[in-house]
Each structure stands twice: as C-alpha cells, then as structure tokens.
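Asks: Using the hints provided, position chain B relative to the given structure of chain A.
Take a look at the letters that make up each chain.
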Amino acid sequence: MDKIFANRWLRLAALAVFAVLLIVAPLVSSRFINYQLSMIAVFAVALLGLNIVMGYTGQVSLGQSAFLGLGAYIAAYGVRNEWNLVLVLLLCAIIPAAVGMLVALAAARLRGLALAMITIALPIIGIPLARRFSEFTGGSQGTTVSFLGAPDWSGLANDQWQYYVVLTIAVVAFVLARNLVRGRVGRAFAIVKENESVALAMGVSPYRYKVLAFTISSLLGGVAGFMYLAIVQFTSPETMNFFTSINLVAAMVIGGSASIVGTILGAIYYVLVPVVAGQVNSSRTALISGAILLAVLFLLPRGLVSLPRRMSLLIGGTRRRGASPRDDQNSPDGASTADPGTPETPTAHEERQAR
Amino acid sequence: MMNFQKTTRLSGAVAIAGIAALLISGCTRDAGGTGNGGGAGGGTEASPGITDDSLSLGISSPLSGPTAGPGSCTVAGLYTYLEAKNADGGFEFGDGKTRSVDLTYLDDAYDPAKAVSNFRQLVNEEVFAYVGALGTPTNAAIMPIADEEEVPQVLLITGATAFSEDQAANPWTYGLLPTYYDEGFAFGELLAGAGEPVTVATLAQNDDFGEDYLAGFEAAIEGSDVEVVGSATYEPSDTTLNPQVTELAATQADALLSAVSVTPLQVGVLTRAQSVGWLPRVFLPSNTSTPGTIIEPGAGGAYPALYSTSLTKTPVSPAVAEDEDVIAYNEAFKQYGSTITTTYTPHCVWSYIEGAILEEAFKGMEEPTRDSFMEALKSIQGFEAPLLLDGITVDTTRDDQPAIDGIELVQFNGTGYAPVESY
Numbered sequence: 002m003d004k005i006f007a008n009r010w011l012r013l014a015a016l017a018v019f020a021v022l023l024i025v026a027p028l029v030s031s032r033f034i035n036y037q038l039s040m041i042a043v044f045a046v047a048l049l050g051l052n053i054v055m056g057y058t059g060q061v062s063l064g065q066s067a068f069l070g071l072g073a074y075i076a077a078y079g080v081r082n083e084w085n086l087v088l089v090l091l092l093c094a095i096i097p098a099a100v101g102m103l104v105a106l107a108a109a110r111l112r113g114l115a116l117a118m119i120t121i122a123l124p125i126i127g128i129p130l131a132r133r134f135s136e137f138t139g140g141s142q143g144t145t146v147s148f149l150g151a152p153d154w155s156g157l158a159n160d161q162w163q164y165y166v167v168l169t170i171a172v173v174a175f176v177l178a179r180n181l182v183r184g185r186v187g188r189a190f191a192i193v194k195e196n197e198s199v200a201l202a203m204g205v206s207p208y209r210y211k212v213l214a215f216t217i218s219s220l221l222g223g224v225a226g227f228m229y230l231a232i233v234q235f236t237s238p239e240t241m242n243f244f245t246s247i248n249l250v251a252a253m254v255i256g257g258s259a260s261i262v263g264t265i266l267g268a269i270y271y272v273l274v275p276v277v278a279g280q281v282n283s284s285r286t287a288l289i290s291g292a293i294l295l296a297v298l299f300l301l302p303r304g305l306v307s308l309p310r311r312m313s314l315l316i317g318g319t320r321r322r323g324a325s326p327r328d329d330q331n332s333p334d335g336a337s338t339a340d341p342g343t344p345e346t347p348t349a350h351e352e353r354q355a356r
Numbered sequence: 074m075m076n077f078q079k080t081t082r083l084s085g086a087v088a089i090a091g092i093a094a095l096l097i098s099g100c101t102r103d104a105g106g107t108g109n110g111g112g113a114g115g116g117t118e119a120s121p122g123i124t125d126d127s128l129s130l131g132i133s134s135p136l137s138g139p140t141a142g143p144g145s146c147t148v149a150g151l152y153t154y155l156e157a158k159n160a161d162g163g164f165e166f167g168d169g170k171t172r173s174v175d176l177t178y179l180d181d182a183y184d185p186a187k188a189v190s191n192f193r194q195l196v197n198e199e200v201f202a203y204v205g206a207l208g209t210p211t212n213a214a215i216m217p218i219a220d221e222e223e224v225p226q227v228l229l230i231t232g233a234t235a236f237s238e239d240q241a242a243n244p245w246t247y248g249l250l251p252t253y254y255d256e257g258f259a260f261g262e263l264l265a266g267a268g269e270p271v272t273v274a275t276l277a278q279n280d281d282f283g284e285d286y287l288a289g290f291e292a293a294i295e296g297s298d299v300e301v302v303g304s305a306t307y308e309p310s311d312t313t314l315n316p317q318v319t320e321l322a323a324t325q326a327d328a329l330l331s332a333v334s335v336t337p338l339q340v341g342v343l344t345r346a347q348s349v350g351w352l353p354r355v356f357l358p359s360n361t362s363t364p365g366t367i368i369e370p371g372a373g374g375a376y377p378a379l380y381s382t383s384l385t386k387t388p389v390s391p392a393v394a395e396d397e398d399v400i401a402y403n404e405a406f407k408q409y410g411s412t413i414t415t416t417y418t419p420h421c422v423w424s425y426i427e428g429a430i431l432e433e434a435f436k437g438m439e440e441p442t443r444d445s446f447m448e449a450l451k452s453i454q455g456f457e458a459p460l461l462l463d464g465i466t467v468d469t470t471r472d473d474q475p476a477i478d479g480i481e482l483v484q485f486n487g488t489g490y491a492p493v494e495s496y
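Read top to bottom, the protein sequences are chains A and B. Heads up: the first sequence begins at 2 in the numbering used here, then just goes up one per residue. Heads up: the second sequence begins at 74 in the numbering used here, then just goes up one per residue.
Heads up, some of the hints might be wrong.
[As the list claims (entries may be wrong)] Mimicking SDA-like on lysine to any residue, the simulated pairs with C-alpha atoms at most 25 Å apart in a straight line are: (1) B:K158 to B:S411; (2) B:K436 to B:L176; (3) B:K158 to B:T418; (4) B:K158 to A:N282; (5) B:K407 to A:N282; (6) B:K436 to B:P121; (7) B:K407 to A:R188; (8) B:K436 to B:D473; (9) B:K407 to A:V281; (10) B:K407 to B:T177.
Since the hints were derived computationally from the structure, they do not count as laboratory data. Every value quoted in this text rests on a predicted model; they were computed, and no experiment measured them.
Chain A with its partners taken away, still in its complex shape (with noise of 0.2 Å):
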C-alpha cells in the first residue's frame, strides 16, 4: 500500500512536472515553437476524438479531418460576422457534433471496411461543398481570419495567449475524454469493441454506443477545427484532405490505440515528424516519414505509449523470465506478463485492462 501511495505522489510529481513545463515552456520560446506545441494540443484533441471511435470503441473512422474542417469553417464564418467567441466555440462543438450523428445513425449499421467507405466519403464530399459554397467558405482560396489576439491585460504575445486558449480547450477535452473512457461509457465501448454480441447479452446496444462514438468523436474534431482556426488563423478546403485523415490515423495508431497518454503521442509524432523529416532532407520528407512510420511498428507495435514498458521489459527481462506460468495466465495487467521473447498479441481485455 506504501508502495502504491508513493507511485500515486510519484505519478502527480510527474504531473505537476509536465503542466509546469506546458505553462512556462510559450513564455521562453519563439513563435516558431510555440506554434508547434499550439498545433500538438489542436491535433492531440482531433486524435482524442479518432481514438474515442477507433481505438476505444473499435469502429474505423477516415473521415475525421472533414469535422475537423467543418469546426475550423464554422469558427471562421462565427469570427467574421463578429459571434461572441464562446458562442463560436459552442457552435463548433454541436455543429459537427450534430452531423457526426447523422452520419453515424446511418453508417454504424455497418461494419469494418463498409464502415470506412462511408466515412472516406465525409471529407471527399466535404472538399468540392466547401469549394462551391463560396459565401460561406471562401471558396478554394481559402479564408483568412484575425482574431483571439492577446487582451492589453496579460501582457502577452498573441501566440502566448493563443496557446494557452488552446492549451486549455484541449485539457478540458481530456479530463471530459478520460473520465468518460474510465466510466460506464467506457466500459460499455470497450465491450462494443471486443464483441457485439456479448454486448447485446449484457444490455449493450452496440448501435446506440457506436452512435454516441461517432457523436463524440465529431465534437472534439470540430473543437479541433475551431482550435486549428486559432492557431492558424486560415482555412481552406485542403484543411479537410483526405490525407490529413488518414495520416491522423496513422498517428493514433503510433501514439498507442485506446490510450489518452498515447494520444497526446500521437499528437506530437504527427506534428513534429513532418518537421524533423524536413531538417534532414525537404525533398524526401515523405520517404522519411514513411521510414519513421515503418520503424515505430515494427519496433513498437503497440505505439509509443509502450516504449517505457518495451524499455523495462528489455531491461529487466532477464528477470522476469523467471516469472511462473500461472501468473502469466491470470495476472490482470497484460503488461506485466508479456514475454519479451514473444510479439505481443493482447486481448482487447487486456488491453483495455492496461489502460
């Protein structure tokens, strides 16, 4: 009990260590980084989103980046017709929201690849909608907005005061997002995800959860969209790129499917890769981001989340080799068990169980 006690300070030191870096880090660093880290907490809520449908709940999900494009239109149109920027918000939470609903009452009917047909097709309608309606979107010349400027009050920069409204956007997001995973909710995707049926014996209605998954998932991309609107004060029907949905789910999956610390993960690899491949060499950054990306799942096949446990378990193999086979069989953390000598193939119990 001592030792869980002392773990639990540890964890919070750890904590309390990585907010203090969060809060400081704008305040020491140029604009060039402090736009990095702004575009890590955007993408880190669009990847929560994507992890709620496909990682928590297992449904595969290709169309986030079209919510994210319509939050970021949405916060636009709000912006230049002088909204209250709370409204704006709001608006970009229920909006897409709203048809993430619409379009899952239909699509949550199918399964696996029906199901990543359907929402291919959100960001392959989405584009040529956002190029016709022009009015609204600013046609494929995109739409510049200029606000959330730093108040004379703070003191300071305006990329300062944008990080942090996105910081803090994005940490209420994962409060809400954790504590929903932890909970009945949680519970019920987690058996949605592993088998319908017994869901349905348990009182589970796959469709309803699925529904809800979808649901979520489109809000918090379109309080991504009205994030990425802030950081980067433009939108364009290329926000909603099919591509960038596809990479967003490249990420998750690097980061560590079902886990909110492998989200934040997968956030920072999908921000910072592209930057780091260009340092190297501008002209092969997509041969280079393929590498990186080939590296990371063959060497950590569960994301970077399980590097730490990789880490120990390399290290301290040797020891637990020793381990009796019947702890392997019924120890409740699929992580302590695992033989470093053999790929792991957990259950999604176990997984579920480790996060």
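Replies: Using the frame of chain A, we list chain B on its own:
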C-alpha cells in the same frame, strides 16, 4: 504490481513527452542562436538574414504529394539561378557589397498549416525574405503573418489575384505571375478580334479558379460578335469529363475554352471531342498545355488550332535550343537544379526568372534592410528577364498587378508553340 506497472508507464510516457518538448525547444534555440550570430555581422541596423557577404532566402513549397512536380520546380529553378550566380562570384548589391545568396527550402505538401509552420521556422532561422512559394491556399495562410512579422513574402508562383491586387493592405506580399483572369482575357480578345461571329463553348473547373478564367474571358468578349452557346463545369475529383464534352459537342461551337487544370482530364477532353466528331479551336490553360503530356496523348493535331498562353521560352523545346539564355539555363539546371528535380514543368523557368528579378532588386537595394529590399523590388520597370518571350517584361511598379507584365497567346504548330498571328 498492477498499480506499479500503470504508474511507471504513465510517468514514463509523461517523461518522454517532457523530454521531447525539451529537445525541440533546445534544438531550435540552437538554430535561432546561429542565425543571430550570422545576422549580427551586418552593417548598421541590418535586418535578420543578411551579413556583409551573405543573404539567406527561404521557401516552402509542396515537395511531396500530388503537387510535388510543380512544387519541386519552384525550388529547383530558383536554386539553379542563385547557385549559378554564387559560383560566378555572387550578387552585387546596391550598397556596393557582393553577397552570396543561399536558399533554405522546406516541404509543405500543399497543406496550409504546414506552410505556416515552415514560414515560422524560416523566420525563426532568420531568413531575410520568403520567396517564390507555390500554392494559393498555402500563401494565403501565410500572408497575414508575413505582414505581422514584416517579412517579405514575394514573387509568389500562383495565378490568384489576391496576392497583388491590394498592395497597400498587404505591403509585404507580392505575386509573380499574370493571373488566370489574364489568360482567359487573352483568349477572349483573340476571338473578339476575329472579325466574324464566333460561337464558343466553355468548360471550367467549378470553383473560383475556373471562375477567374471565365470572368476574364467574358470581360474580353463583351460587346463583340462572340457568343457563348454552351457551358459546363467539372470537379477536380471527377474521373472523366466525357458527359460534359458530349453535351458541349451538341452545340458544334467554333471554339472551346477548356479551362481544365487536371492533366488526365484535359487529355480526355481532347480525345473525347474528336471521337464525337466535334473539332473546335481549343484554348488550353498554360498549366495544362505541354505538348508531351497533353497534346500528344490527346491527339491534339486533329484540331484546326490549339491555343494557350505563354510567358517564357520552353528550354526543353528543340526550337529554341540555340538561344543563349536557354543554353545558360540548361547548363546551370543540369548542374544545380537537377539535384532537386529532373522533371520539367513551366514552374522551373518561372522560378529561374524569379532569381533574375531578385538580382535586379538586390542591385537597387541600398541598405541591408527588408524595407530597402521591398522598395527596390517594387521599382523595377521594363526589365527583360532571361527566358521571357519578346514583349513580356517585368514591371513591379503597378500597384494592383503581379511582377510579370503581359502574356502571350500562342498556337500549337505541331511540335511546340509559336505566337498567334490572328484567329
């Protein structure tokens, strides 16, 4: 045991995130520091990125993804010009110093968010100016930031009007190329001057790019004997334009304005129209008119005339192989530009010309500051840059037009393009 595992994992992940954050900030601070060291060497109150013997430029263009071809060329042509000149002793500046000019290029994959990221990175690394980037949305996203940071974002390779039409509002942003509107206008003028009634069918991309072509065309034919007898639009994501072409063919119009910007679709238009027995005079936009990739696959020889617009000589065309500028370009490109791309698009030549315009601006730059640079850049008139066609010059003094003045309507002559005499 379980709790222990959970905790180590979480704190481990947090630690990694923290280390990552530290690493990034650490790395870039270093980069910023070096930039500072470089900038400090300049004369009195020099802008960042310029010293007594060097100047740094930055560009972010799509070097990967669907637009990678043109994007790479916007870097390669400029790089070719700069490196060739550097090897030749460097650029002469208006303040009497000679500097070598280096170019930092980054990939934005045509994504506005990445373009902004790259722009901020380049500013952070203290480039003197941001030049020649390709892409309308990417440059539009950067424009307000360039204004805020007071960093020149100039000679942009895009046909959109937005970057040059209001230079008082966006004093740090400036375009290079004549607009799509101008292209449409040039074709309209040709038809309007035909001296006989002409019927036209139009096919355009269903967005503001297509509208720009049509707007220019319609402005030129207003009040003339030219009549639009059919019009159709398409989406860039369409896989075939056969329905549109068939519909337009029913009009049997004398001319077709085919403002199609997607290469395979433009080829499809040429093959389809002749297969349904419609042989109009066809106008092709400058970015989809290359003989090798459009006209030959589309069997364009069947049409009575194929028009396009052009600004420059085409260095890959044998017709101009003996031209002095073309020889210089080809030699330099082989040595420098080919390390970036080997596929030719007109963007290679445009960005090469951009290098020449920069050189002209540097000559007029009396102080090592961005203000002085902008002033010098905006006072070039009647400059005949290498590779520009006769009659087309650089005029940066017009306050609502991009740098290159004039556009030439050209006609396909079986191997390449030649100036149009009359309809």
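Asks: Against this structure, judge whether each hint is valid.
Replies: Status of each hint after checking the structure:
1. B:K158 to B:S411: holds, 16 Å
2. B:K436 to B:L176: Measuring from Cα to Cα gives roughly 18 Å; hence the hint holds.
3. B:K158 to B:T418: Judged against 25 Å, a Cα distance of about 22 Å means the pair holds.
4. B:K158 to A:N282: With a Cα-Cα distance of about 23 Å, the restraint between K158 (chain B) and N282 (chain A) holds, given a limit of 25 Å.
5. B:K407 to A:N282: holds, 20 Å
6. B:K436 to B:P121: holds, 19 Å
7. B:K407 to A:R188: violated, 62 Å
8. B:K436 to B:D473: Satisfied, since the Cα-Cα distance of roughly 24 Å is no more than 25 Å.
9. B:K407 to A:V281: holds, 23 Å
10. B:K407 to B:T177: holds, 20 Å
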